Amino acid sequence: MTPRAFPAAIVLVAALFFAPELFGNRLAVTGNLARWLPWAETATEEQRQGPNVSLDCNLSYYPRREILHRAWRDGEIPFWNPYSFGGTPFLGDIQAGVLYPPNWILFPLEPGRQMGWFLFFHVAWAGIGVYLLARRCGVPPGIAWLAGCAFMMNGFFAKHYGQPTFLATVSWMPWLLYAGLGVLRSPTPGRAAGLALAGAGSFLAGQPQLAILGGYATAVVLGAAYFTRGRADRAPLFPVLVALVVAAGVAGLIVAAQLLPTRALAETSARAALPYATVLSGALHPVEGLRLLVPEFFGSPLTGDEWSPLFPRGDGFYLRNQMSSVFVGTPLFLLAVWGMVAPRTRRRALPFTLLFVAAVALAFGSPLARWAYEVAPGFRFSRIDRAGSLVVLAQIVPAALGASDLAAAGGRARRAFGIGAAALLIAL
Numbered sequence: 001m002t003p004r005a006f007p008a009a010i011v012l013v014a015a016l017f018f019a020p021e022l023f024g025n026r027l028a029v030t031g032n033l034a035r036w037l038p039w040a041e042t043a044t045e046e047q048r049q050g051p052n053v054s055l056d057c058n059l060s061y062y063p064r065r066e067i068l069h070r071a072w073r074d075g076e077i078p079f080w081n082p083y084s085f086g087g088t089p090f091l092g093d094i095q096a097g098v099l100y101p102p103n104w105i106l107f108p109l110e111p112g113r114q115m116g117w118f119l120f121f122h123v124a125w126a127g128i129g130v131y132l133l134a135r136r137c138g139v140p141p142g143i144a145w146l147a148g149c150a151f152m153m154n155g156f157f158a159k160h161y162g163q164p165t166f167l168a169t170v171s172w173m174p175w176l177l178y179a180g181l182g183v184l185r186s187p188t189p190g191r192a193a194g195l196a197l198a199g200a201g202s203f204l205a206g207q208p209q210l211a212i213l214g215g216y217a218t219a220v221v222l223g224a225a226y227f228t229r230g231r232a233d234r235a236p237l238f239p240v241l242v243a244l245v246v247a248a249g250v251a252g253l254i255v256a257a258q259l260l261p262t263r264a265l266a267e268t269s270a271r272a273a274l275p276y277a278t279v280l281s282g283a284l285h286p287v288e289g290l291r292l293l294v295p296e297f298f299g300s301p302l303t304g305d306e307w308s309p310l311f312p313r314g315d316g317f318y319l320r321n322q323m324s325s326v327f328v329g330t331p332l333f334l335l336a337v338w339g340m341v342a343p344r345t346r347r348r349a350l351p352f353t354l355l356f357v358a359a360v361a362l363a364f365g366s367p368l369a370r371w372a373y374e375v376a377p378g379f380r381f382s383r384i385d386r387a388g389s390l391v392v393l394a395q396i397v398p399a400a401l402g403a404s405d406l407a408a409a410g411g412r413a414r415r416a417f418g419i420g421a422a423a424l425l426i427a428l
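Under our numbering, the sequence shown has 69 at position 69, and the numbering climbs by one with no breaks.
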């Protein structure tokens, strides 16, 4: 295939996966409607026993999409939601996505149909972003394509279909890293603009804490990449810093119309500043590190056998069920470890290795999490296990580098690559 064909193939894979939502009659809602009235009146027992996860999808995300659709249909800007709690700000609710361009594109569709198309777009967008990021890190096209497909099917995405703003925000993270690494090499106005657009898209996608985490991830990867690259692969530091500051400023201007009302609303929230014990309650327990090798070792909310809540953290406020998927699967984890330590790839993988270590330390509630809570903006108002999105992202490029290293080797290493490639396909 030509290089341009690989992104198209990623879109095709995503379309096949979401075909029932795109071309059939299945709605992308994760709460089981067969357990709700009036549908329960005619549902079979088998239907009522089906998966019933992430009720936020039914109770929060779909209603917001319906309100937004009705307002636009009537030619109105939805500043206010009259239906929740006697009336609440709607534009200020960033998860409503009033100013998020993909929602404008989906307007011609009915709200129920929009849910599936929203997921499809962002899953494909994430896959293409990882493909381009892997290519920028020196991964061959075929393996970069596999990496993009693997990222599309990661557990964090699968367990957040019912919380689409989470998935949407994370889908921009590979683009942030791709654009940022481009700025390191050549800090042109065009590349700075690309980074600004990626940053703005990440924020407007609707999950502020994940957008903040994406910013931190970009800083870690770019900082490590700059100081581990040779001079031929990086521009002088001053123009790079100027381009990064300009990109941040432009992104801020783009999102200002959303940021200001969202900040005003957030200041009145009960979650504006949570106690550390509550933040820690969302962290993974150290024993759950077993999931790096066996992702479903402690069950899954998708199959109704999740038992990781038996290991509480902090004050036990958060149950840590579907939020706690921070793993990509055993084969990809092993390939990532190979990429992080193999002599020919560890230098290129180092920025992602550092990101992986930091993300694991945060998601598992180490002292780094406490330090972040005390010092860094964005860690006082939400769950710490959302850093798991970075754990997933940080493994993908090293896994692709590991696979490409094995593909380039001979003898035993080549046979090992054959096993690894087969495992990668199984992971998909």
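Simulated from the structure, these hints should not be mistaken for lab results. These numbers were taken from a predicted model, which means no experiment stands behind them. Incorrect hints may appear among the rest.
Said to hold, decoys possible - So the derived label-pair ranges between C-beta atoms look like this:
| # | residue 1 | residue 2 | range |
| --- | --- | --- | --- |
| 1 | V341 | E41 | 56 to 66 Å |
| 2 | V242 | L293 | 21 to 31 Å |
| 3 | E41 | G299 | 25 to 35 Å |
For every residue, glycine included, the Cβ atom is placed at its ideal position computed from N, Cα and C.
Unsatisfied constraints (hint numbers, rising): When the structure is compared with the hints, only number 2 turns out to be violated.
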